[in-house]
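S.K.: Sequence:
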Amino acid sequence: MTTTTRIAPSVAFDQADEQFMQQAMALAEQGLFSTDPNPRVGCVLVKHGQIIGSGAHRRAGEAHAEVHALHQAGSQARGAHAYVTLEPCCHQGRTGPCASALIEAGISAVTYALDDADPKVTGAGASMLRDAGIEVRSGLLASQAQYLNRGFFSRHQRARPWVRLKLAISLDGKIAAADGSSQWITGSQARADNQYWRARASAIMTGSGTLLTDDPRLNVRLPVGAGPEPAVEPAADTAMRQPLRVVLSSAYRLNVHAKMLQLPGPILVIGCTDPQPAMAAHTQAVQIARVAAAQSSPGVDLAQAMRLLASLQVNELQVECGPTLAGSLMAAGLVDELLIYQADCLLGERGRSMLDLPGLNNIKQRLQLPAPQQRQFGRDRRLLYTLTHL
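Residue numbers for the sequence shown follow numbering that gives the first Met the number 0, so the first one is 0 and each next one is one higher.
Dumping the calculated SDA-like pairs for lysine to any residue here, alpha-carbon to alpha-carbon at most 20 Å:
no. : residue 1 : residue 2
1   : K165      : D355
2   : K119      : P96
3   : K46       : H70
Just so you know, these hints were derived from the structure itself, not from any lab.
All chains, please: the whole structure from these sequences, using the hints.
M.R.: The following block contains the structure:
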């Protein structure tokens, strides 16, 4: 399913407008690892061509980007032009409405990238500003702002998270040797890079087979900003957020001695049979949820599992799993990004394939992927395929 966001196409922006919005976008990236389930938003206030205030949203429940920028600008904010990466909110949540704060501060113009995906806000924030006599423009760097918050938009527009499937493979497309061993196919630099992707995810999901075979921890193990990927580090006072860990297990199979159970943070097990109360008694951290069983294959109904995660405010979901679940997600059209780390080694024909995709019997049935973004990490290659455009 492809969705679109309303953007004003007729507004003309100049180079200065774009530069100020780029600076707001860089501020928004400071919340990459910490704003969940809220969007990542940045704001700069400009007067006489100079930035007089700037801010970023850092954590859910704390002040939004516009409020930080207004506080920094103080009385200079009157008559200033605000550049915001998302439509200012107009509803009372855990914080007050930003549109009201901008009006009260005497802002004369607001340029924002694109409409908020939250139905409580969409278009209403802009209307509030216009009704107060403020000039409002939208559509500047909209695609960039949407991609930064692709999980937030996916959750609101499609009622499911943005799903990123991560695989580490050999040159011949294997995720493990014939005996099931897979540590480590890739080198330390590639593994460190994956910690960045984990850190930005709302949740990390695996299947019960991978949990029982590999005993993964599924947590973020590097300080944010220490990996090779982030171009902008978050604010120094932003604490590490551990994503929700999700296990798909139709019969709620869980090794009570699993490494992940020894770590802090919530764990959700999603199944499709009668839950076993005894399993939850082993740890208070485990939550249990039941969805329907899949009709055409063993296991849970994946689409329903995704809707459940969206209802739990999961924006971005990173999946690290075996070939069966990976293939099922691909076949169901539930993978939005394919993140592959490829090592220059060979594991042979008896190695475990990266995906189980039944029903592809001839070349005409192949799944054609778009051109990937590529990056080298030591001797390993990262391939990032974007399969969905919101």
